[in-house]
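Turn these sequences into a full structure, and let the hints guide you.
Quick note, the sequences are listed as chains V and G, same order. When we follow the numbering used here, the leftmost residue of the first sequence carries the number 1, and every step to the right adds one. When we follow the numbering used here, the leftmost residue of the second sequence carries the number 1, and every step to the right adds one.
These aren't lab readings, by the way, just hints derived from the structure by calculation. Bear in mind that the values here come from a model prediction, so they are computed numbers and not experimental data. Yeah, the Cβ is synthetic: ideal placement off N, Cα and C, and Gly gets one too. Careful: at least some of the hints might be erroneous.
[Claimed, not checked] Lysine to aspartate or glutamate pairs mimicking DMTMM-like chemistry, simulated, CA-CA at most 20 Å apart:
{"id": "1", "chain 1": "V", "residue 1": "118", "chain 2": "G", "residue 2": "109"}
{"id": "2", "chain 1": "G", "residue 1": "128", "chain 2": "V", "residue 2": "125"}
{"id": "3", "chain 1": "G", "residue 1": "131", "chain 2": "V", "residue 2": "125"}
{"id": "4", "chain 1": "V", "residue 1": "88", "chain 2": "V", "residue 2": "156"}
[Unchecked claim] Listed next, with one range per pair, are the computed distances between beta-carbon atoms:
{"id": "5", "chain 1": "G", "residue 1": "76", "chain 2": "V", "residue 2": "174", "range": "23 to 29 Å"}
{"id": "6", "chain 1": "V", "residue 1": "76", "chain 2": "G", "residue 2": "53", "range": "41 to 47 Å"}
{"id": "7", "chain 1": "G", "residue 1": "42", "chain 2": "V", "residue 2": "99", "range": "41 to 47 Å"}
{"id": "8", "chain 1": "V", "residue 1": "76", "chain 2": "G", "residue 2": "91", "range": "22 to 28 Å"}
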Amino acid sequence: MALSATCVQAEVTTGQDADAGLPYWELREPGMSVRLVQRHPDQTRGFFLARGFSREDVELIAQSCVFQTIFRNTAPATSSDSLEYDLKAWRVQAAGEPRSMQTREDWAKIWAERGIAKPARIAFEWALFPTRQSYNPGDYNWGMSVFGLPPDSHFDLALSWSQSGKTHAAVIPGIHCAADAPPILEVE
Amino acid sequence: MRLQRICLLQLLCMLVLCLSAYQSAAKESGAQTLSAVTKPVAAPAFELMDLDGRPHKLADYLGKVVVLNFWATWCPPCREEMPSMQRGWEKVRDEDIVFLGVNVGEDADTVFLFLADYSVDFPLLLDKDAKVIEEYPVTGLPTTYIIDAQGRITHRAVGGRAWDDDVLLDRLRALKSPK
Chain V
1 MALSATCVQA EVTTGQDADA GLPYWELREP GMSVRLVQRH PDQTRGFFLA
51 RGFSREDVEL IAQSCVFQTI FRNTAPATSS DSLEYDLKAW RVQAAGEPRS
101 MQTREDWAKI WAERGIAKPA RIAFEWALFP TRQSYNPGDY NWGMSVFGLP
151 PDSHFDLALS WSQSGKTHAA VIPGIHCAAD APPILEVE
Chain G
1 MRLQRICLLQ LLCMLVLCLS AYQSAAKESG AQTLSAVTKP VAAPAFELMD
51 LDGRPHKLAD YLGKVVVLNF WATWCPPCRE EMPSMQRGWE KVRDEDIVFL
101 GVNVGEDADT VFLFLADYSV DFPLLLDKDA KVIEEYPVTG LPTTYIIDAQ
151 GRITHRAVGG RAWDDDVLLD RLRALKSPK
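Take a look at the structure:
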């Protein structure tokens with residue numbers, strides 16, 4: 001996918017997401033937008049603890065750099081410019097080799113090995129951003145994306161998508177995973 | 001005279017700002033689109049319980065247009081669109097158009113808690129084991145399918161919509177009597 005991509009001049013903005021009150025990184029191009037909103041590890045812990053995961057299993061997710069992702073097809077409603085993406089083609093560029101994102105399918109294997117109960121697995125699957133999706137104009141999704149990095153890491157995200165028969169690629173630079181809160185001291 | 005001009009200018013500025021804010025909000029909330037399915041297919045059959053333990057079969061709604069919404073209480077755009085679904089349903093409830101909300105993976109207690117904050121009168125069905133959603137080509141929540149009076153999936157919307165929008169409701173009405 002990336003080989004034949006048209007590399008666009010990325011229009012990336014950052015700021016504080018009004019709803020989450022946390023930093024975001026947003027790429028807007030004609031016909032699409034994607035926003036990554038930082039999630040604090042404690043938010044992720046709280047979410048999955050409430051859905052049947054053990055503390056040990058929750059740590060696996062919370063320590064893996066999770067962002068809320070909002071991807072939209074912003075093409076005019078009157079157009080037929082459908083949009084497709086595949087997270088397997090996206091690359092996380094941090095220190096060392098570029099790596100893949102951790103998708104629903106990757107986590108499904110982990111949860112199967114760890115014997116996670118089905119209600120928790122269902123919640124996890126649907127809470128995660130879809131690995132592949134096709135959007136028509138006006139369509140969008142929200143979901144958690146997992147980048148597989150320790151808290152407080154910085155990375156660039158090389159992403160690609162296709163729209164109207166053309167493949168596009170862009171880089172969102174300098175994304176920052178939320179730092180973890182210091183552990184609460186236990187006193188006797 | 002000068003004071004009148006200043007007031008007029010201020011009024012114009014406010015109008016421009018309001019229009020700009022409205023356009024921005026409309027853009028962020030997504031277009032009111034329904035994507036037509038190229039070849040309508042029979043909607044997969046199901047039977048699910050509502051919150052009162054009453055069974056609902058999709059087949060029970062043959063002859064009506066069904067707005068089948070897959071959602072979860074923790075999903076932000078699902079929560080955002082739910083009040084508009086309620087208002088949309090209130091507008092068309094006597095017109096052979098049915099709204100069904102299929103909650104994915106949660107139990108009745110969780111949905112009851114949700115209803116403490118959101119007033120919803122149309123049937124909310126429990127797909128606790130995610131068996132039904134697996135029969136539909138859903139990859140993200142919310143996703144809504146429109147099923148025509150013949151039981152065929154004719155349209156899809158991925159992400160939330162303002163379901164009380166009359167333009168959108170007119171498209172549902174048109175499905176009751178296909179050409």
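Taking only the CA atoms, is the gap from residue 118 of chain V to residue 109 of chain G under or equal to 20 Å?
holds, 18 Å
Would you check the hint for residue 88 of chain V and residue 156 of chain V, treating anything up to 20 Å between C-alpha atoms as holding?
Judged against 20 Å, a Cα distance of about 16 Å means the pair holds.
Beta-carbon spacing of residue 76 of chain G to residue 174 of chain V - inside the hinted bounds 23 to 29 Å or not:
holds, 25 Å
Between residue 76 of chain V and residue 91 of chain G, does the C-beta distance stay in 22 to 28 Å?
holds, 27 Å
Against the 20 Å threshold, does the CA-CA distance of residue 128 of chain G and residue 125 of chain V hold or violate the hint?
Within the cut-off at roughly 13 Å; holds.
Taking the CB of residue 76 of chain V and the CB of residue 53 of chain G, does the distance hold inside 41 to 47 Å?
Holds: the Cβ-Cβ distance is about 46 Å, inside 41 to 47 Å.
Residue 42 of chain G versus residue 99 of chain V beta-carbon gap, inside 41 to 47 Å or not:
holds, 43 Å
If you draw a straight line from the CA of residue 131 of chain G to the CA of residue 125 of chain V, is it 20 Å or shorter?
holds, 13 Å
Comparing the model with each numbered hint stated earlier shows that all of them hold.
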